[in-house]
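Undergrad: Protein chains in written order, with the numbering used here: chain A, 14 to 313; chain B, 27 to 269; chain C, 344 to 711.
If you are wondering where the hints come from, they were derived from the structure by calculation, not from laboratory data.
All values reported here derive from a predicted model rather than from experimental measurement.
Some clues are possibly wrong.
Derived BS3-like pairs (lysine-lysine); straight-line CA-CA distance at most 25 Å [unchecked claim]:
#, chain 1, residue 1, chain 2, residue 2
1, A, 84, C, 677
2, A, 138, A, 110
3, C, 345, A, 164
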Amino acid sequence: MSIVVSNISKSYKTVKALKNISFKVKEGELFGLIGPDGAGKTTLFRVLTTLLIADNGEATVAGYDLIKDYKTIRESVGYMPGRFSLYQDLTVEENLKFFATIFGTTIAENYDLIKDIYVQIEPFKNRRAGKLSGGMKQKLALSCALIHKPKVLFLDEPTTGVDPVSRKEFWEMIKRLQQKGITILVSTPYMDEAALCDRIALIQDGTILQIDTPAAIIEHYPKAIYNVRADNMYQLIQNLKAYEHNHSVYPFGEFVHYTDKRAGFIPVQLQHYLEEKQLAGISIEITQPTIEDAFMELAK
Amino acid sequence: MMKNNYVIEVKELTKMFGDFTAVSAITFDVKQGEIFGFLGANGAGKTTAMKMLIGISKPTAGDAKVAGFDVASEAEDIKKNIGYMSQKFALYDDLTVKENITFFGGIYGLTRAKIKEKTNELTAELGLKDLTDQLVGALPLGWKQKLAFSVSLLHEPKIVFLDEPTGGVDPITRRQFWEMIYKSANKGTTIFVTTHYMDEAEYCDRVSIMVNGKIEALDSPKNLKEQYNAETMNDVFLKLARG
Amino acid sequence: MKQFRGFVIKEFYHIFRDKRSLFILFGMPVAQILLFGFAITNEINNVDIAVLDHSKDATTEEIINSISASEYFSIDQFIEREADIETVFKQGKVKAVLNIEKDFSRKLIKEGKAYVQIITDATDPNTANTIFNYVTAILQKYQGTQNKSTEFPYQIAAQTRMVYNPELKSVFMFVPGVMTIILMLVSAMMTSISITREKELGTMEILLVSPLKPFQVIVGKVVPYIFLSVINAIVIVVLSIFIFKMPVEGSLFLLGLESVLFIVTALALGILISSIAQTQQTAMMISLMGLMLPVILLSGFIFPISSMPVILQIISNIVPAKWFIIIIKGIMLKGVGLWFIWKETLILLGMTVFFIGLSVKKYKIRLE
Numbered sequence: 014m015s016i017v018v019s020n021i022s023k024s025y026k027t028v029k030a031l032k033n034i035s036f037k038v039k040e041g042e043l044f045g046l047i048g049p050d051g052a053g054k055t056t057l058f059r060v061l062t063t064l065l066i067a068d069n070g071e072a073t074v075a076g077y078d079l080i081k082d083y084k085t086i087r088e089s090v091g092y093m094p095g096r097f098s099l100y101q102d103l104t105v106e107e108n109l110k111f112f113a114t115i116f117g118t119t120i121a122e123n124y125d126l127i128k129d130i131y132v133q134i135e136p137f138k139n140r141r142a143g144k145l146s147g148g149m150k151q152k153l154a155l156s157c158a159l160i161h162k163p164k165v166l167f168l169d170e171p172t173t174g175v176d177p178v179s180r181k182e183f184w185e186m187i188k189r190l191q192q193k194g195i196t197i198l199v200s201t202p203y204m205d206e207a208a209l210c211d212r213i214a215l216i217q218d219g220t221i222l223q224i225d226t227p228a229a230i231i232e233h234y235p236k237a238i239y240n241v242r243a244d245n246m247y248q249l250i251q252n253l254k255a256y257e258h259n260h261s262v263y264p265f266g267e268f269v270h271y272t273d274k275r276a277g278f279i280p281v282q283l284q285h286y287l288e289e290k291q292l293a294g295i296s297i298e299i300t301q302p303t304i305e306d307a308f309m310e311l312a313k
Numbered sequence: 027m028m029k030n031n032y033v034i035e036v037k038e039l040t041k042m043f044g045d046f047t048a049v050s051a052i053t054f055d056v057k058q059g060e061i062f063g064f065l066g067a068n069g070a071g072k073t074t075a076m077k078m079l080i081g082i083s084k085p086t087a088g089d090a091k092v093a094g095f096d097v098a099s100e101a102e103d104i105k106k107n108i109g110y111m112s113q114k115f116a117l118y119d120d121l122t123v124k125e126n127i128t129f130f131g132g133i134y135g136l137t138r139a140k141i142k143e144k145t146n147e148l149t150a151e152l153g154l155k156d157l158t159d160q161l162v163g164a165l166p167l168g169w170k171q172k173l174a175f176s177v178s179l180l181h182e183p184k185i186v187f188l189d190e191p192t193g194g195v196d197p198i199t200r201r202q203f204w205e206m207i208y209k210s211a212n213k214g215t216t217i218f219v220t221t222h223y224m225d226e227a228e229y230c231d232r233v234s235i236m237v238n239g240k241i242e243a244l245d246s247p248k249n250l251k252e253q254y255n256a257e258t259m260n261d262v263f264l265k266l267a268r269g
Numbered sequence: 344m345k346q347f348r349g350f351v352i353k354e355f356y357h358i359f360r361d362k363r364s365l366f367i368l369f370g371m372p373v374a375q376i377l378l379f380g381f382a383i384t385n386e387i388n389n390v391d392i393a394v395l396d397h398s399k400d401a402t403t404e405e406i407i408n409s410i411s412a413s414e415y416f417s418i419d420q421f422i423e424r425e426a427d428i429e430t431v432f433k434q435g436k437v438k439a440v441l442n443i444e445k446d447f448s449r450k451l452i453k454e455g456k457a458y459v460q461i462i463t464d465a466t467d468p469n470t471a472n473t474i475f476n477y478v479t480a481i482l483q484k485y486q487g488t489q490n491k492s493t494e495f496p497y498q499i500a501a502q503t504r505m506v507y508n509p510e511l512k513s514v515f516m517f518v519p520g521v522m523t524i525i526l527m528l529v530s531a532m533m534t535s536i537s538i539t540r541e542k543e544l545g546t547m548e549i550l551l552v553s554p555l556k557p558f559q560v561i562v563g564k565v566v567p568y569i570f571l572s573v574i575n576a577i578v579i580v581v582l583s584i585f586i587f588k589m590p591v592e593g594s595l596f597l598l599g600l601e602s603v604l605f606i607v608t609a610l611a612l613g614i615l616i617s618s619i620a621q622t623q624q625t626a627m628m629i630s631l632m633g634l635m636l637p638v639i640l641l642s643g644f645i646f647p648i649s650s651m652p653v654i655l656q657i658i659s660n661i662v663p664a665k666w667f668i669i670i671i672k673g674i675m676l677k678g679v680g681l682w683f684i685w686k687e688t689l690i691l692l693g694m695t696v697f698f699i700g701l702s703v704k705k706y707k708i709r710l711e
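For reference, chain A alone in the conformation it holds in the complex (with noise of 0.2 Å):
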């Protein structure tokens, strides 16, 4: 096991922030830390990089006790914190040089761990990195977190704020070192990108709703979900959230997402409910729960 946490507990003042955490991320595995802000996200992170100490609770990462070999710990993750947090005025290049000097290494050394990543921003190490675009400063501060070669990778919401062709190339990065054997214990607001881990925890208000693959979480989803559609969107919500028999009502894009409390759930009564209303251009048909779905659903 690469990461033990048990029963974590952390409060600031009158907040709590995580209440009885509890998980275990394997060797090499790509976990996801999947949850909203306020989750608790950013402090379990802080935790397990030894920079919060909990109210209660142990944990160990790399095999390494949290209190006891903290200085250990500091010497053999990779961190990313989650605001931009590499030097502005330093270039590129001496970003990643400073990285490496402390961590008593070369850039040489580990290159071939960061190439993919560096190389896409090579052509600009003269640049400082405070010029750099959102993606770019992403692939630097994973290139600094990566240069000593960490047994563990934290990254603090690394997609946040980004563009999705920016997010999309990250991940495919992440999945890339995940093949090097390194441990990657990510978090994220964005839903779809929680289908992309091994396993993930679904995080809200400081406690976990739920830990398991992305396709098992969709799998025990417990009811029938159907896309309804109709001209006016905002009637078709309204209306959905007026019939008596709703369980939920999530609009998704140019459909809603429709669940019912009934097991025995026919489509068609609900077809006729809607024209009834006045409703054009009706169509209702099953989907697939998506891991927002769950989300929802345990949350609630």
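Assemble chains B and C onto chain A, guided by the hints.
TA: Coordinates of chains B and C only, in the frame set by chain A:
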């Protein structure tokens, strides 16, 4: 509500910083009551374009009219007639819910009576009746965003500009937010929104995608998906941006 | 060691790439010295005075001539009546009035003494005092020349001599003070800002989750500023010697050592401040309020400590700048060696050790 009224008319709008062209001759129109998604990667020129439309940046060339006012010469009138909300700042954390509503109501010239009426309306709708004296900073992010959206509508503007309004918010609250947007649009308010959540692009009536200062796509999500043979708006975006 | 070196190099990059801090580090010291040296002065030059000569005889004429001949005074006008004295002060045209009594020559010869009244405008007490001293000096001088050429017995006149700074050159007072301020500013404020900047940007998090030991971070932050402060100190001393002709009576080497000691004291204070402050703004505020102000007001830089109320005198003892100013003045103006200032040196040393100890204790190896 005349649905063929154009509330935003943009023709060859351009912005240059020195030699660098941030926005290159973009042209598009937005109808009244439409939910218009303005998308693009970071650095594509989205923010610059939006700044021009809300009257805080002067175009280098081209024309644009917002709510009937010219962006270059009537910027102040534009500001009075639109609502604005951004992810970075919407409300004052160190003022209470009530104080924020009163403050922004005041800025937009609402009378005391109207402010009171709106406060009651707003807080009832959002379920914040018991929290009017709570500091906004102490509210969870989702509630803040919903409140900020409502505040941007206090003066019943024709158009509301939303700059990445749902960043970081949990999925349930995000949907509640979008339901509020639907409700507004249904009443005739035009919504101009930028977002990084491609699934939110699906909620829009029409979407434009900016790449390197130009508009490379402008259509309904359905048509775009057909055109690019993509299942989701996310895929449309990737195909466009990657070329 | 290599890690440490890498860290220090990074710090130098930050300093030289931030235009604002460069200005504070190099521009300000030079500007301050020149400003204080040239513009702000306690000296008097061509001060306008009025003369009310009741005698108008040969002696008084000689006295008036010697006064008007000096570079310090310029006779603006002669007034004729006592009543005019107040008028001429109210008009603000003169800073002093010489009131020479009737029958001056005769009284001097017959009775052996005659009076000259020196009335000064003391709305600016410093200048008033200086005027009084200068006039008296001129009179004494005149008296001295006169006595030599007559057979009358000596007048045992009290002689004032301004020791170590005979011309009361204000530069001599300001240079030690400015040097103290600059060193305090650069060392304490800049260091505290540099450390809190890391906290603010979030890079501190990354530094913590790395093999860098806390003391390496602190010392690494401090080393560039020691280096730069020493350069500043040298620049100030050189400027003082060559432009303002300030003497350095004592050993330059000792001056250097004591300066380094003070620099380290200030740095330790800077580190202490950074462990309390969470943002750069706070660090700057604390540095200005908690360091600058006491240095300017309570160190004896401008206002003599001995004239302050007792409570402030006691407080001034914990202001490191106070002791350093004593040390600098001693070395530069009095030429004393270590055996005269060992007490002050020891106090500074003690303070430094205390601040460093406190900083080390307070340095957080975690985020909260």
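Undergrad: Given the proposed pairing of residue 84 of chain A with residue 677 of chain C, does the C-alpha separation stay at or below 25 Å?
TA: violated, 53 Å
Undergrad: What's the verdict on residue 138 of chain A and residue 110 of chain A, does the C-alpha distance respect the 25 Å limit or exceed it?
TA: The hint holds at about 11 Å.
Undergrad: Hey, residue 345 of chain C versus residue 164 of chain A, does the alpha-carbon distance stay inside 25 Å?
TA: Satisfied, since the Cα-Cα distance of roughly 23 Å is no more than 25 Å.
Consistency note: the structure conflicts with earlier hint 1 alone.
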